[in-house]
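Chemist: Chains A and B, in that order, are what the protein sequence lines are. Counting in this note's numbering, the first sequence runs from 1 upward without gaps. Counting in this note's numbering, the second sequence runs from 1 upward without gaps.
The hints are simulated quantities; they were obtained by calculation from the structure and are not laboratory data. Yeah, the Cβ is synthetic: ideal placement off N, Cα and C, and Gly gets one too. There may be inaccurate statements among the hints.
Stated by the list, open to error - Just a few of them, taken from the derived set where beta-carbon distance is under 10 Å, the chain B residues facing chain A:
hint, residue
1, S43
2, S52
3, R100
4, R124
5, F128
6, L136
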Amino acid sequence: MIEAIDLQLIVAVQQGLPIASRPYALIAEQLDLDEAEVIERLSKLKQQGLIKRLGVIVKHRRLGYQSNAMVVFNIPDALVKQMGQQISQFQFINLCYQRPRHGEQWPYNLFCMIHGKSREKVLQQLSYLIANCALEDYAHDILFSRRCFKQRGALYFPLTTITA
Amino acid sequence: MLSFLHQQLLNDYQQDFPLSPTPYLDIANTLGVTEEEVLAAFSALAEQDFISRIGPIIQPNQLGISTLVAMAIPEADMSKVADIVSQYPEVNHNYEREHRFNLWFVLIARDQPHLANVIEQIERQTGFKTMQLPLLEDYFINLGFQLDLDSKAEAILVSA
Chain A
1 MIEAIDLQLI VAVQQGLPIA SRPYALIAEQ LDLDEAEVIE RLSKLKQQGL
51 IKRLGVIVKH RRLGYQSNAM VVFNIPDALV KQMGQQISQF QFINLCYQRP
101 RHGEQWPYNL FCMIHGKSRE KVLQQLSYLI ANCALEDYAH DILFSRRCFK
151 QRGALYFPLT TITA
Chain B
1 MLSFLHQQLL NDYQQDFPLS PTPYLDIANT LGVTEEEVLA AFSALAEQDF
51 ISRIGPIIQP NQLGISTLVA MAIPEADMSK VADIVSQYPE VNHNYEREHR
101 FNLWFVLIAR DQPHLANVIE QIERQTGFKT MQLPLLEDYF INLGFQLDLD
151 SKAEAILVSA
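Make the full structure from the sequences, and use the hints.
Modeler: Pasting the structure below:
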């Protein structure tokens, strides 16, 4: 179980670290902790893997990566782990997850994300991926993004739940 | 103009932002510039919306529970349904995609009943069914987004 202080700390840093000389001291002040404790707790959370990474969260669309595609495959269960690990090695792959299938309407169980500067580039990278991982025999689909309605980091959680 | 310093800040500090009392000074020392220059460059990147923030990415399902959700929405209803979905504080990354399943978002809740409740509310309020695709396994290890910042990205910054 996560300590209440750690949860408050995560909620505070999720708003973004202040761009100021002593950002952790400013966070500490908000939470009535001291700076050293904030740094120590964040380091521990990162070491434990609860914080997967700490750093700059870029807006890829603004940086010229206009084309974002979710690519999905139907991989036999016995091979999905191996394929997932293999796909994750490619530089242009940003995420790679196994998720459940939903019958005929959604037969895909392996999901990955490709961010590219153009649609053509993303399609090229997908062809390269398929050829190099011998994925030709498995059904796949590509879902390019259209509008982005909301892009915001996870908020843990609605604030009412942390005081409990 | 996206300077070399901007590029370094964007590429080199996605994973391990310094956990020290003076992280911006540490970055400045590593890159051979002043703390003021680093603070100014990060402020500019944030103001011009090239970064959303400097912060943590939380491992999925370690705190609370999350799921990817897809919905198949007729074109004419899309804006209305997307707006309803976006209003939930439990929703992030709400995208339209090219597919019969054309609305995709991530839901994060504190536990399973909370999650089920939000899904039920969304289905009732929009009148459309959802398909839930929770994460079973994460294969991705190489974290962060490696940017290839060429002249195109610079052109965008100039026009910003």
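Chemist: Please go over all the hints and tell whether each is borne out by the structure.
Modeler: Hint-by-hint comparison with the structure:
The restraint placing S43/B at the interface with chain A holds, with a minimum CB-CB distance near 5 Å, inside the 10 Å limit. With its C-beta approaching chain A no nearer than about 5 Å, S52/B sits inside the 10 Å limit, and its interface hint holds. Residue-level restraint check for R100/B holds (minimum Cβ-Cβ distance to chain A is 8 Å; threshold 10 Å). A hinted interface residue such as R124/B counts as satisfied when its beta carbon comes closer than 10 Å to some beta carbon of chain A; here the least separation is about 19 Å, so the hint is violated.
A least Cβ separation of about 14 Å between F128/B and chain A goes past the 10 Å threshold, and the interface hint is therefore violated. With 10 Å as the threshold, the beta carbon of L136/B comes within range of chain A, its nearest partner Cβ sitting at about 4 Å, so the hint holds.
Hint violations for this structure: numbers 4 and 5, all remaining hints satisfied.
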